[in-house]
Amino acid sequence: MRISSFFYTIKQGIKNIFRNAVFSLASIATIASCLLLFGVFYAIIANFQNIVKTAEEGVAVTVFFTEDVCEDDVRMKEIGDLISARSEVSKVVFVSADQAWEEFKVDYLGEYAEGFTENPLAGSANYQIYLRDISQQDSLVSYLQTMTGIREVNYSKVTADALSGVNNMVSYVSIGIIGILLAVSIFLISNTVMIGISIRKEEIGIMKYIGATDFFVRAPFVVECLIIGLIGAAIPLGIINVVYDKVLTLVTQRFEVLNSILRFLPIQTINKTLIPISLGIGAGIGLFGSIITVRKHLKV
Amino acid sequence: MAFGRKKKGRVIPEDELIVFENVTKTYQTGAPALNGVSLKVKKGEFVFIVGDSGSGKSTLIKLLLRELVPTEGEIYVNGVSLSKLRRRQVPKYRRNLGVVFQDFRLIKNWNVYENVAFAQRIVQTPNRLIKRNVPAILSIVGLASKYKAKPMQLSGGEQQRVAMARALINKPPILLCDEPTGNLDPKNSWEIMKLLEQINKRGTTVIVVTHNREIVNEMQKRVITMKKGVILNDEEKGGYIDED
Chain E
79 MRISSFFYTI KQGIKNIFRN AVFSLASIAT IASCLLLFGV FYAIIANFQN
129 IVKTAEEGVA VTVFFTEDVC EDDVRMKEIG DLISARSEVS KVVFVSADQA
179 WEEFKVDYLG EYAEGFTENP LAGSANYQIY LRDISQQDSL VSYLQTMTGI
229 REVNYSKVTA DALSGVNNMV SYVSIGIIGI LLAVSIFLIS NTVMIGISIR
279 KEEIGIMKYI GATDFFVRAP FVVECLIIGL IGAAIPLGII NVVYDKVLTL
329 VTQRFEVLNS ILRFLPIQTI NKTLIPISLG IGAGIGLFGS IITVRKHLKV
Chain P
6 MAFGRKKKGR VIPEDELIVF ENVTKTYQTG APALNGVSLK VKKGEFVFIV
56 GDSGSGKSTL IKLLLRELVP TEGEIYVNGV SLSKLRRRQV PKYRRNLGVV
106 FQDFRLIKNW NVYENVAFAQ RIVQTPNRLI KRNVPAILSI VGLASKYKAK
156 PMQLSGGEQQ RVAMARALIN KPPILLCDEP TGNLDPKNSW EIMKLLEQIN
206 KRGTTVIVVT HNREIVNEMQ KRVITMKKGV ILNDEEKGGY IDED
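Order-wise, the sequence lines are chains E and P.
Residues in the first sequence are numbered from 79 upward in steps of one, following this note's numbering.
Residues in the second sequence are numbered from 6 upward in steps of one, following this note's numbering.
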């Protein structure tokens, strides 16, 4: 292909967008609306998953040591190292008996604590163990219960099961919704692109009669649809980027009580997945939609 | 001509540009559109193909365009068997044919210049030559000043001249015209025919499918008359034969 033909193809593709303004606008609008819907759902679901994950991260398993270990810092450290080495553990926090007593005083006793001269929680030094995935709590607890030097393992099976269940449900529902949205988007967008190209069947036929190769006929259509696909994908990304922070500000202002519970994802995190997926869908549909549809009309 | 003569098998004499050998074309339903047609067109000839609707004229043009392939028989163009052309070779073959249709077949969204230039772009003519050749051919067909106009802004005669400019810009050895005057008034029809005659005088083989009795009778060229898929008459300097 000559360089002049290459530039001609690009120029022609761009010109076609304006020449077939109705088709271009209809396609861009369809792609943009479908991907906007997809983007909004993705942002909601990503935030929901993040909230569940944050809640999971706050759930800890607490282990208390036997009396002999409580007085042996080296043993306690060894146990801590063994626990930290487990794959399901994300973080281990050591709470000494003194720290435990201080926290207890602040939380429950207040001024009444002055009556105590010794630490009544002398044997309550512990590790608070945070998990990477709450569904792995059972396996960790089983391991901890078999460890020597451990007196007691405190955990909440109900909380872990509930969070794990919610997490699973969110994952399945989000995969389902996003899958359906993607399928509907791809169907709608391809249909629009196909109808738009079918209208130009005559144009393709004329080019073929004159002696244009399939590639020469197809290339400007592909460029045209690729650009339309990318514009259609860029519009909802722009809208989501502009609106996202504003919506979050509004939600946090309206429902201040939620601020301490909910931690929303920054737009940058959403963008990391949304931008490549949206642009990929836009470009992919433009590319394959045009190739497949033009092929149908090339047999002249 | 870009495509060479057949090297193996049947040898076609150099001067026989188009050869139909017992060509039959049958569609899925109905009688054969062409039934055992044999004809030869020599280089530089001007041939009228006439006949009623359903006589097989359009099928003949479609076969020459390699839009269709014969059910039986062989068609050779410049020694090349069209049945043996692979699909990817068809565009290259078509570049050796100038084609003019009754309905002009111009791309409506493109202006006159772009419609004509497209024929050069597909043969990868450099831009500087396109910029020289398109105005030149438009002057020949008398449309130099209308290069920016869209087809819909032109009269039928002008649109047909644009189609002819597009067909001729690559200097094809064969010009196929399918009812080129079918949508034109008598004045424009004659102008188009005069243009075709001039092109023929420069060495291009011209094949015109037409219903225009007056033009056929006046021009005194070779006339092939078709009826129900067969050649009824083939006459040098002939006229329009009434089939009834």
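Keep in mind the hints are simulated off the structure, nothing from the lab.
There may be inaccurate statements among the hints.
[What the hints assert, rightly or not] What follows is a list of derived Cβ distance ranges for each label pair:
(1) Pro18/P <-> Gly358/E: 37 to 43 Å
(2) Phe84/E <-> Ser88/P: 41 to 47 Å
(3) Thr76/P <-> Gly358/E: 46 to 52 Å
(4) Phe293/E <-> Ser86/P: 35 to 41 Å
(5) Asn188/P <-> Phe84/E: 36 to 42 Å
(6) Phe366/E <-> Arg91/P: 22 to 28 Å
(7) Ser276/E <-> Ser86/P: 32 to 38 Å
(8) Lys45/P <-> Ile273/E: 33 to 39 Å
(9) Asn188/P <-> Asn319/E: 51 to 57 Å
(10) Gly35/P <-> Ile256/E: 52 to 58 Å
(11) Pro140/P <-> Ile369/E: 31 to 37 Å
(12) Ser88/P <-> Phe366/E: 31 to 37 Å
(13) Pro18/P <-> Lys377/E: 31 to 37 Å
(14) Arg133/P <-> Ser276/E: 32 to 38 Å
[As the list claims (entries may be wrong)] Quick list of in silico lysine-lysine cross-link-like pairs, DSS-like style, CA-CA up to 30 Å:
(15) Lys232/P <-> Lys377/E
(16) Lys155/P <-> Lys89/P
(17) Lys279/E <-> Lys48/P
(18) Lys155/E <-> Lys235/E
(19) Lys279/E <-> Lys176/P
(20) Lys232/P <-> Lys93/E
The beta-carbon is built from N, C-alpha and C at its ideal position, and this holds for glycine as well.
Each hint, compared with the structure:
Remark: the range hint 37 to 43 Å for Pro18/P to Gly358/E is contradicted by a beta-carbon distance near 59 Å. At about 34 Å, the CB distance of Phe84/E to Ser88/P disagrees with the hint of 41 to 47 Å. Judged by the Cβ atoms, the range 46 to 52 Å given for Thr76/P and Gly358/E holds: they are separated by roughly 47 Å. Taking the beta carbon of each, Phe293/E and Ser86/P are about 25 Å apart, not inside 35 to 41 Å as hinted.
Between Asn188/P and Phe84/E, the C-beta spacing of about 37 Å keeps the proposed range 36 to 42 Å intact. A hinted range of 22 to 28 Å for the beta carbons of Phe366/E and Arg91/P is consistent with their spacing of about 26 Å. Here the CB-CB span from Ser276/E to Ser86/P is close to 34 Å, well matched to the stated 32 to 38 Å. Under the hint 33 to 39 Å, the C-beta atoms of Lys45/P and Ile273/E, about 46 Å apart, miss the expected range.
Against the hinted window of 51 to 57 Å, the Cβ-Cβ separation of Asn188/P and Asn319/E comes to about 55 Å, which satisfies the hint. Between Gly35/P and Ile256/E, the C-beta spacing of about 53 Å keeps the proposed range 52 to 58 Å intact. For the hinted restraint 31 to 37 Å between Pro140/P and Ile369/E, the CB-CB distance of approximately 35 Å keeps it satisfied. A C-beta distance of roughly 33 Å is found between Ser88/P and Phe366/E, which places it inside the suggested range of 31 to 37 Å.
A hinted range of 31 to 37 Å holds for the C-beta pair Pro18/P and Lys377/E, which are about 33 Å apart. Distance hint check for Arg133/P and Ser276/E: the Cβ-Cβ separation is about 36 Å, which falls inside the suggested range of 32 to 38 Å. For a cut-off of 30 Å, the pair hint linking Lys232/P to Lys377/E stands: about 29 Å separates their Cα positions. Of the pairs offered as hints, the one joining Lys155/P and Lys89/P is violated, with about 39 Å between alpha carbons and a cut-off of 30 Å exceeded.
Only pairs whose Cα atoms come within 30 Å are accepted, and Lys279/E paired with Lys48/P is rejected, the gap being roughly 34 Å. Our distance criterion of 30 Å between C-alpha atoms is met by Lys155/E and Lys235/E, whose separation comes to about 27 Å. Restraint check for Lys279/E and Lys176/P: satisfied, since their Cα atoms lie roughly 27 Å apart, inside the 30 Å limit. Note on Lys232/P and Lys93/E: the hinted pairing is violated, with a Cα-Cα distance of about 46 Å set against a maximum of 30 Å.
Consistency note: the structure conflicts with the earlier hints numbered 1, 2, 4, 8, 16, 17 and 20.
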